[in-house]
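Q: Given next are the chains, with one letter for each unit.
2 protein chains.
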Amino acid sequence: MITAAPYELYYWPTIQGRGEPIRLAFEESGTAYVDVARQPEAEGGGTAAIMRFIKGEEPGVIPLAPPFLKHGDLIIAQTANILQYLAPQLGLVPEDEASRLRANQLMLTIMDMMVETHDVHHPIGPGLYYDDQKDEALRTAPLFLRERLPKFLGYFERLLARDGYLVSPALSYVDLAAFQLIEGLRYAFPKTMFAFEPRVPLLAALHARVAGRPRVAAYLRSARRVRFNERGIFRNYPELDVAPDPDIRF
Amino acid sequence: MITAAPYELYYWPTIQGRGEPIRLAFEESGTAYVDVARQPEAEGGGTAAIMRFIKGEEPGVIPLAPPFLKHGDLIIAQTANILQYLAPQLGLVPEDEASRLRANQLMLTIMDMMVETHDVHHPIGPGLYYDDQKDEALRTAPLFLRERLPKFLGYFERLLARDGYLVSPALSYVDLAAFQLIEGLRYAFPKTMFAFEPRVPLLAALHARVAGRPRVAAYLRSARRVRFNERGIFRNYPELDVAPDPDIRF
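Chains X and A supply the protein sequences, listed in that same order.
Quick note on our numbering: the first sequence kicks off at 128 and runs consecutively.
Quick note on our numbering: the second sequence kicks off at 128 and runs consecutively.
Hints in this document: simulated from the structure, not taken from any laboratory.
It should be emphasised that the depicted structure is a prediction, and the values quoted were computed from it without experimental measurement.
Keep in mind that the hints are not guaranteed to be accurate.
Identical chains blur together in the list; that is why a pair holds if it fits in one copy or across any two.
[Stated by the list, open to error] List of simulated lysine to aspartate or glutamate pairs, EDC-like, C-alpha gap at most 20 Å:
{"no.": "1", "residue 1": "261", "residue 2": "200"}
{"no.": "2", "residue 1": "278", "residue 2": "168"}
{"no.": "3", "residue 1": "197", "residue 2": "223"}
{"no.": "4", "residue 1": "182", "residue 2": "290"}
{"no.": "5", "residue 1": "197", "residue 2": "274"}
{"no.": "6", "residue 1": "182", "residue 2": "284"}
{"no.": "7", "residue 1": "197", "residue 2": "224"}
{"no.": "8", "residue 1": "278", "residue 2": "184"}
{"no.": "9", "residue 1": "318", "residue 2": "224"}
{"no.": "10", "residue 1": "278", "residue 2": "262"}
{"no.": "11", "residue 1": "197", "residue 2": "290"}
{"no.": "12", "residue 1": "261", "residue 2": "357"}
{"no.": "13", "residue 1": "261", "residue 2": "366"}
Produce the entire structure from the sequences given, and follow the hints as far as they go.
A: Structure, rendered in structure tokens:
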């Protein structure tokens, strides 16, 4: 069932974060959407629009946090849940059940890695500033870069090597999310990624294919794409981008 | 489409972990399933059975990690993905799209909290023993217990207060997972939960209703229920169960 109502995305206006895989799906598919909190507050935008839902002042399921999507009467939160709902409508996932289960599984795995990447600079908790947990972050970063990053990226590389694709030969929302993951890791850990990417050539090629798609390329150049910054998931703190280990586990 | 093939669950045999919400769904619905890695290795069980899939030696989607479900030709990983697939077959979710989106959203939120709970005792990374990151865990725990725990549990309480249920008046897989979350938090942080639970009476009542269901109660008493221990998500390290704060945010 496709509702004629507009797609209204609610996400923090100044970061890419967990909202970006959704923005990429809208952009790649050429779908009209409203990025509500990036509209002027006088026109119902701003973070105040987000908070009305979080506080339960609007009908529908209360979200714990953004991103959430309003589509007609439906309020849908959690990035992977939103994309699972949207992708069939946007032509970004095959129709068969096996492919959809596979897509959701891989999307959840990408989200798991995004959480771990965030926690590299916030190991003690989201309630403290980075500077107040920098010592711990300096301990976390090498472990993440030498063990977790190769584990996750190596996993996607193995899928590509065995099956030739993540979900199917057609572009899917999971490809877009994988692009975003690589893009973010390059921003946050440029030295490590420069050294490591030759180990995952198929994943790097997937990133390049997505980046080269006309609508994605136009979006990345546009003002609609929030720039990477040190408030989101992927932060460029050079002290955490430790020198690559030639014996990196993979 | 329901396959007549057996349900084969693959998860670590000695912990509840991210496999337990799936075990609870099978148990509550009285569905026959094979907990593969808990079968003798000579009969194709043990962790060796898990590793064959992780290494890509079996057909179907390669899982990054357990839990995963084999049902006929389908291999499905990620707890929330598995339950979303199973719940309609087990009668543990309503049929309408809005309820299923809501269920998946809340299940993902429960899984998010399970990850955060795990990371309290492993703030630096999963590759180190607890004793090697205990100093950092002692910093993490009070922040988690004073900010994150009330935020998550308070969220579920608000849903129950406004809507009267998490997903619908009928028991759903999300209720079972919420039970497991409370059960685990009580094991890991008994002092904190004793002090905090009066703040979330509807959630505590939901826990009691699930615990009292005949099949759940029988399962909890059985040898099929792995006991809580200090290798899983929820670990009883008394030093992390810091004295409750009367001004706990909520």
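Q: Checked against the structure, which of the hints given earlier come out wrong?
A: 1, 2, 5, 9, 10
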